[in-house]
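A.B. asks: Assemble the complex: chain A is given as a structure, and chain B must be docked to it using the hints.
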Amino acid sequence: MIQLLNTLLIGITSGGICALMAISMVLVWRSTRVINFAQSGMALLSTYFGYEAIVNLKSFWIALPVAMIGGALFAAFIEVVFMRLLVKHSSSGPIASVAPIIATLGLLGIIRAIVSMIWGGQDVRIVGPLSNDGFTIGGETLVFSPLKLLILISVIVLMLLLSILFQKTNLGLSLRAAAYAPEIARLSGIKVDLVRTLGWALAGAAGAVAGMFQTINANGYLSPYSIEFSILLVSGFIAAVIGGLESLVGAVIGGLVLGVSVSFILMYVSSSLGFIAPFIILLIVLFIRPQGIIGAKAARRA
Amino acid sequence: MSLNVSNLTIHHGAICAVNSVSLALPTGRLAAIIGSNGAGKTTLLRALSGLNKPTHGEITWMGESILGKKAENLVRRGISHVSEGKSVIPQLTVKENLELGAIWRRNKKELSESLDQVITIFPRLGERLAQRADTLSGGERQMVAIGRALMSKPRLLLLDEPSLGLAPLVIEQIFQIIRDLTTSMRITVVLVEQNAMGALKIADLGIVLNLGRVVAVDHADALIANPAVRAAYLGY
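For the protein sequence lines, the chains are A and B, in the order given.
Be aware that the first sequence starts at 0, since it is given in numbering that gives the first Met the number 0, and climbs by one per residue.
Be aware that the second sequence starts at 0, since it is given in numbering that gives the first Met the number 0, and climbs by one per residue.
Don't take each hint at face value.
Under the rule of at most 20 Å between Cα atoms (straight-line distance), these lysine to any residue pairs were calculated in the SDA-like manner [what the hints assert, rightly or not]: (1) B:52 / A:162; (2) B:68 / A:181; (3) A:190 / B:50; (4) B:94 / A:162; (5) A:87 / B:52; (6) A:190 / B:68; (7) B:107 / A:169; (8) B:108 / A:168; (9) A:87 / B:51; (10) A:190 / B:8; (11) A:167 / B:51; (12) B:52 / B:94; (13) B:152 / B:52; (14) A:167 / B:89; (15) B:68 / A:193; (16) A:167 / B:109; (17) A:87 / B:89; (18) A:190 / B:0; (19) A:190 / B:107; (20) B:69 / B:8; (21) A:190 / B:152; (22) A:87 / B:50; (23) B:107 / A:163; (24) B:94 / A:170; (25) A:190 / B:228; (26) A:190 / B:52; (27) A:87 / A:68; (28) A:167 / B:94; (29) A:87 / B:67; (30) A:190 / B:103.
Hints listed in this document are in silico derivations from the structure and should not be mistaken for laboratory results.
Next comes chain A alone, as it looks inside the complex (with noise of 0.2 Å):
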């Protein structure tokens, strides 16, 4: 019994970092029509940035809004100099829709590159605010921590306060509204292009702290070519598929589905799926469900 809600409670804490990173790709999606690959790289350099403020600061609680403020610029900085450029001169044409998701994935190699210029090949280590030591209960280990109850904690208050933007204020309004109908949104006067680089923006945030918890939730090493970011962007891109790409609740609930499976797979299957078990899981969704869970036919068109 205990062993069962241990691994749910580690399935919902690695399915909200993942929906977190999904969140940040359906973000993307929405405001560009684009699958950012690179935003895995762009959570690593974030988180990057991260590990320069515990460095120097002393504090994990600064390292994270740090890192998020970083992920935001430097996500809006590759919005305005590179995907308007990008998308501007690959609209027409068959690979029209192509080209850009193709440079994300360039994007992605250049970030890396340039992340072990600056900080070097070698890991660097972020160690969480808490323990990553399992909770005992009865004379038995768990693998669930007071790290990870910390995070799971840190990533619901980020959801709520996420669905408080995007529902209750004006910017979330327009964000919204850009997304479905720019045109629509033109004329009511929203600066489709300056939304578009804040939603830009907040995916930039909502993956540094993918990135960071990511890491802290791993074993607090941190790597240019750190397979915990191949594991972030296959996961979150599963999630945000899963979720229907185009909703921000499907991304969580995408994330939080496939947390649990993968948790409840290495834990009663073998634990040596972890690889395969996202892939098996998105097969599965898509050949039940290809809209994904929350996904309309009709969103799939526009």
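C.D. replies: Same frame as chain A, but now just chain B:
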């Protein structure tokens, strides 16, 4: 003249969609632009709201050139455009769709005043504020679209085929409301319509476009009486 268009030419690639069109409209008047499919009506209207870039010509609004200005900035100068086909955002609620039109004003008090005003004009929307826009009927969606434009406090309202796909009774109701907007709120209106008779009946000025050119311009009543226009566009 509050709206002045002179020698406006607009190309879609190699095709000349609007060919040196001129028109002048005084404040608080309603102009109906009629004509068959492909006459350039929508293209012309989209140029007025900044969605299209004209090749030649000039557009002035309240004495200032608005040529080449962006749509999102023209809203701030009092020009609101309701594009073709019930332009609402289906995923948003009725209230959110309406609020959208007033966000740029950054004034909560004015926003709620405008919302009250729109609900007074379209009482049916008041009962449906929390509903998603895709649950509405066609007529209600058109009301939301016009309501959203009114939330921006327009002085010039550009309407693209508001009657499209609506039942005759609903069309009559919408046209009556459009007429009231000019009469009671002194909003200048440019109405593009396939439903030529309905549009001319409520209009002050009628403009007939054919293949991108103005082929007739006159008082709306005179156009209704004009035998050539009757035969070509009014069907009797």
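A.B. asks: So, against the hints stated earlier in the document, which numbers end up violated here?
C.D. replies: Violated hints: 1, 10, 11, 12, 13, 17, 18, 25, 27; rest satisfied.
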